[in-house]
Amino acid sequence: MTSLPRDGAPPLAIDTPIRRRVLLLARRRPTTRGSLLALLALALAVMLAPLLAPQNPYDLASLSVMDNRLAPGEQGMGGITYWLGTDSQGRDMLSAILHGMRTSLIVGVASTAIALAIGVAAGLVAAQFGGAIDSAIMRLVDFMLGFPSILVALVLLSAIGRGVDKVILAIVLVQWAQYARLMRAAAMVERRKEYIEAAVNFGLPTRHIMLAHLLPNSIGSVLVVATISIASAIALEATLSFLGVGVPVTQPSLGLLIANGFEFLLSGEYWIAVFPGLALVALIMSINLIGDRLRRSLNRRAL
Amino acid sequence: MFSPKIVLGLTAACLYALPAASQNLRVALSSEPTALDPHYHDLSPNNALAMHIFDSLVLQDEKQFPRPGLALSWTSDGQKTWTFKLRQGVNFSNGKPFTADDVIFSFCRTLKNETAVAGSYADITANFVSVRAPDPHTVVIETKEVDPFLPNYLAGVAMLSSSIVTHDKLTFDVPNNCGVKGAWPTIANFNDGSMAIGTGPYKLKSYVKGAHIELERNPRYWGNAEPWENVRFVPVTNAGPRLAGLLAGDYDVIENPAARDLGRIRDDQRFGHIITPSTRVIYFQLDVGRDDSPFVKAEKGGNPLKDARVRKAMLMAIDREAIIKRIMDGAAEQAHQFLPTGMSGTLPAPPVTKYDPRAAKALLAEAGYPNGFSLTLSSTNDRYINDGQVTQAVAQYLTQIGIKTEVDAMSRALYFPRRAKKEFSVAIGGWSSGTGEASSFLKQWGATPNAAKTVGGSNYGGYSDKAFDEVINKAITTMDVTQREVLLRKAGAHLIEAGVFMPLHFESTIWAYKGNLKITGRFDQYTLAMSVRPAK
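Protein sequence lines, in the order shown, are assigned to chains Y and P. Counting from -17, one number per residue, gives the positions in the first sequence under my numbering. Counting from -9, one number per residue, gives the positions in the second sequence under my numbering.
These are calculated hints, taken from the structure and not from any lab test. A couple of the hints might just be wrong.
[Claimed, not checked] Here are the simulated lysine-lysine pairs, DSS-like style, with alpha carbons at most 25 Å apart:
{"no.": "1", "chain 1": "P", "residue 1": "K171", "chain 2": "P", "residue 2": "K86"}
{"no.": "2", "chain 1": "P", "residue 1": "K287", "chain 2": "Y", "residue 2": "K148"}
{"no.": "3", "chain 1": "P", "residue 1": "K344", "chain 2": "P", "residue 2": "K296"}
{"no.": "4", "chain 1": "P", "residue 1": "K480", "chain 2": "P", "residue 2": "K443"}
{"no.": "5", "chain 1": "P", "residue 1": "K171", "chain 2": "P", "residue 2": "K159"}
{"no.": "6", "chain 1": "P", "residue 1": "K171", "chain 2": "Y", "residue 2": "K148"}
[Claimed, not checked] Computed Cβ-Cβ distance ranges for the label pairs, DEER-style:
{"no.": "7", "chain 1": "P", "residue 1": "A403", "chain 2": "Y", "residue 2": "D147", "range": "22 to 28 Å"}
{"no.": "8", "chain 1": "P", "residue 1": "G172", "chain 2": "Y", "residue 2": "D147", "range": "46 to 52 Å"}
{"no.": "9", "chain 1": "P", "residue 1": "N440", "chain 2": "Y", "residue 2": "T63", "range": "56 to 62 Å"}
{"no.": "10", "chain 1": "P", "residue 1": "Q324", "chain 2": "Y", "residue 2": "T63", "range": "28 to 34 Å"}
{"no.": "11", "chain 1": "Y", "residue 1": "P32", "chain 2": "P", "residue 2": "T510", "range": "51 to 57 Å"}
No residue lacks a Cβ here, since even glycine has one placed at the ideal position from N, Cα and C.
With these hints in hand, go ahead and build the complete structure from the sequences.
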């Protein structure tokens, strides 16, 4: 069942521990190192947003309409310099981006984590018990994967309304199925191996086999996919917010900031849309690059 | 090789073909009509679209003065009886002649229209005791209450063809179905085009909700033929893409480009624009009727909006000048009453509530809310000019005096039905007086709802004041112009003093268009193909 690498000399020994592989690769590849650094910097900025941001864009009392649509570098009435300009409500774009990225990251990470937990559980159960349970779960998964994710999320959010929690719910709903399918496949492969047979013959309880043997040995590939899915969750959230069904207007995420800025592009006020757009690109790209590298470095073992 | 004759001929053919090609007019709308049914909902986009296909007994010119429409003349006996002489030789687009029967049928339909929103149009016809037709071209209307504005109101009631239903003799006998056999037309019958038959200058070619509305010239129109063979309306809710479409040549006329973007076309010969003041007032309506309002939360419970001091503090907290300057880019006028000063029934010098956040905060403390309370402003984001932005700015100002304010901005398709169900606490509104005088707003929004008296249809805030009701009900039944004027001013002053509405500004309407066109801007903000003409 194990396949050997086809692409010539393996860069790392098969038995190199995962942690070491990632570190080694990061050291070797400047792009990986760059994106790792970028992501760390972004995560840090996001965590420290309330301290770093010159203004709290959530607090309407600290905004002034009189300072609206200032160009980058202009000074407001209160003497503050707005380095990335202000939006139509007088919101400092730098602060709005830092806070918006926070919303985006929270949605991305939380929805992926929840979807992962649900999907892994469902896949594991399907693989372990097989038969009718397997069929039931997998048909549900097929059904879910049959719809375009943006459509499901749009319909759901139109029905239940806006809010960060609701966006997370919508993304979980569209993402759990792909983890379930992956997890089932990986666990099925693992189940046919001798050590599992041994464990079964040894009379170990099913729960123990599932949690102590199947889960840790088959979750690797799913985790890698999950990393990349954070990026797609963030993109989905941005799309939903851009379309006006995501987060509420008073809690801007990156997608909503871009949507707000979109209508000012024609009058030359580019900064309201372009800077949040660049932040979104940086965030998604660094996560994708790391996820991609992770997938390659774990390739031999996982897939 | 072509001979000179052929070349000349081809050139001539090209020249001949040019005017034909330019007979198409493409218009981008900022707000899509919600239905083709002219009796469905009294909204400006719906009324504007209806005016292309349907006529009314009375028409309004660009300054909202009544002009003869399907009725050539009308007289009143000074009391409750009105006589309308109908225009002769008018045919519907399906070839059927227009007669008094169609008038009776149309009035009946507004009262038998179960799909209508908020009693639209029925508020006019519910006041009729009888409608008689002594001859096929005369209609006599007798009203329950004296109605001095009847001709103005009838400008809003579209005339349908009675041939769209099967019927016996048509009479204004509403309880007995007016002589109509079978089902009354529904909104769906109009939207699919099968019953969209009128006497107007255009007829419907196709309607795809959310995509386009296509009209073509009605060859049977009684008036002068329109210069446009085909008219295509496309809804484009974002101002940026609307202007970009004009610049790219996709549209010939666009409604409401953002005032901030006008710099793009100001010095360009290929485009023109016009800014016209309108009678549309933008305001917030406060829920003062309920002790427990869905989007108001105060620490000690209850509904702070019921306290007049709180309402006054809220109005004082809003810098209307800043909103006009920074959000509306100057294309609006401050509103201190509900119709621009100078129009019939308005106060010559309305009391001005000045922006004073400090005094507002003190007043709020005096009312017992030193720490404010929480509030959600509900608003559309695709109906009025910059509506979402204006609401956010108001939220900012309210937050600055300690009222923790959230904004819930949504599409008008969601908003209007929810507002009609009174799901909001503080709701944006925009009202353009259909009759061009003050009673329109006062009776529709301020009066205690009374279906029989056809007042209070939009009183979603639950405001109810006997003294106000008395004055406004008297005003709308006073035939004498001077007396009525006095009463309307009194009612207006009363409603402003009550503070249950926070008027912000009067919108100015902007149209931008290709340089080879000219447009007559309308006070009622309607975008009509009939207002667009080739430049010379």
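### Message
Let me make sure I understand: some of the numbered hints might not hold for this structure. Which ones are they, in numerical order?
### Response
6
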